[in-house]
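If you read the protein sequences in the order shown, they are chains A and B.
Numbering (our numbering) for the first sequence: 1 to 222.
Numbering (our numbering) for the second sequence: 1001 to 1226.
Simulated from the structure, these hints should not be mistaken for lab results.
Some chain A residues flagged as far from chain B (calculated, every beta-carbon gap over 12 Å):
1. SER101
2. ARG113
3. LEU118
A partial selection of chain B residues facing chain A, derived with a Cβ cut-off under 10 Å:
4. ARG1017
5. ARG1045
6. LEU1046
7. HIS1055
8. GLU1069
All C-beta atoms in this analysis are idealised placements derived from N, C-alpha and C, irrespective of residue type, glycine included.
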Amino acid sequence: MKLFDKLKTSPAGSHTVPAPAPAAPVSEQTTDLHHEDDEILVALARRGEGAAFDVLVERYKERLYATVYHMTSNHEDANDLVQDTFIKAYKSLGSFRGHSSFYTWLYRIAVNRTINFLKRRKNRNQFSLDDMDSAIQTDPDFVELMSHVTPRREAGLTELRDKLNEALQKLSEPHRAVVTMHDVQGMTHADIAKVMNCSEGTVRSRLFYARQQLQGLLSDYL
Amino acid sequence: MNCRKAQSQFDDLSVGRLPEPLAAALRQHLDDCTDCRVAHQRASRLQRLLALKQHERPATEYFDGFLAEFHRRLDVEMQPRPSVWERLAGAWRVEPVRGWRFGFAGALGMTVAAVVLWFSVRPANQTVATARPDLLPVGPTPTLFSASVPAVQAVPLTIAAPLPSLPRESWGRLQPEMAGNPAGSATSVMSISAVADRSNESLAPRYVLDRVTVSPASYEVANVHF
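Only chain A is shown next, with the shape it has when bound in the complex:
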């Protein structure tokens, strides 16, 4: 049965909370679903197809994780927050109206939860002990940065990571979120405005002030 047919024939009663997804993460049906759009997967998940939501989790977990990690600078916290985000999204599928894309909606949940978490976790600086991935060694910007061997710039990879995280942690939560989404994740102003539920002007203003602050904190590397 085609997916669209399935959507048409399945009961469209008022959705509250879908039934728990099956424990098996990958099935034949799931592999079929991997090629479907978010809208179809969301519609299937709202009708109780747990496998459809599994595909959405697989699709966005790493991107979501990266954003949350760059805001928290801690892998364990990021993992917990992303898990919470998906659970919240699954339970709130009924309230998703489709005015924005599922990805934007998911991002909004994640960013709001992370900001709330960071407000509660003030002044607790925890940096991950994990190293950066090896691809950074070939990154032209990193090579260029490291090639300027001055006494100030003899920082190793670990020190650079710590300095970046330390500087980001000094920003307020909304400013950090904007910088992370724009400068690290490469999102547009319009997308960030949708995620943060504010105007593009506010996003640009926050970016401006956050960069002013970061330029002072990272002046040794600029």
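Fit chain B to the supplied structure of chain A, relying on the hints for placement.
Okay, now just chain B, sitting in the frame of chain A:
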């Protein structure tokens, strides 16, 4: 193009989102304006530096158990949570053996409370009942406050209710205990004269306080030595 507008469009220029005519105007402005050129260079360096954080990510196998963990947490979340009434009932629910213990402890506590209450009320009646002029506790007041306690010298007070009489034998037993009290050294004296109808032993004696004279009180402690 002014500097403010130019600086607000650095982001769009760096990612190529600016329309070509506007991008050309901005480049022209950067060539002409040193402040904006420096600001643009610093902003670009900062963006490149922050972009390095993209490499800061866990290994791919870090996410291997992510979906299983999600299902486990979701199962926990979807468990029906007990309502407020159920939680209250659960808090009050006790095991049978523990229930007996609670019952026993409660009964014991109430018994002890009743006994304490009864003893706390009874001595007041007995004190009045034993009040004879020669048995009154007229011992010295504590020396520490002797200078400040006003002297009470007579007691015109009638106890209206008939009081149970005390056997005469018990008066004799109590007498030696009071003998050691130096009544003369007392600064506060209460005298109660018993008016008892000796002809009729069945009637309880009536105690009459003749008068009360209280000298002006002074709360200044003159001779207190700590």
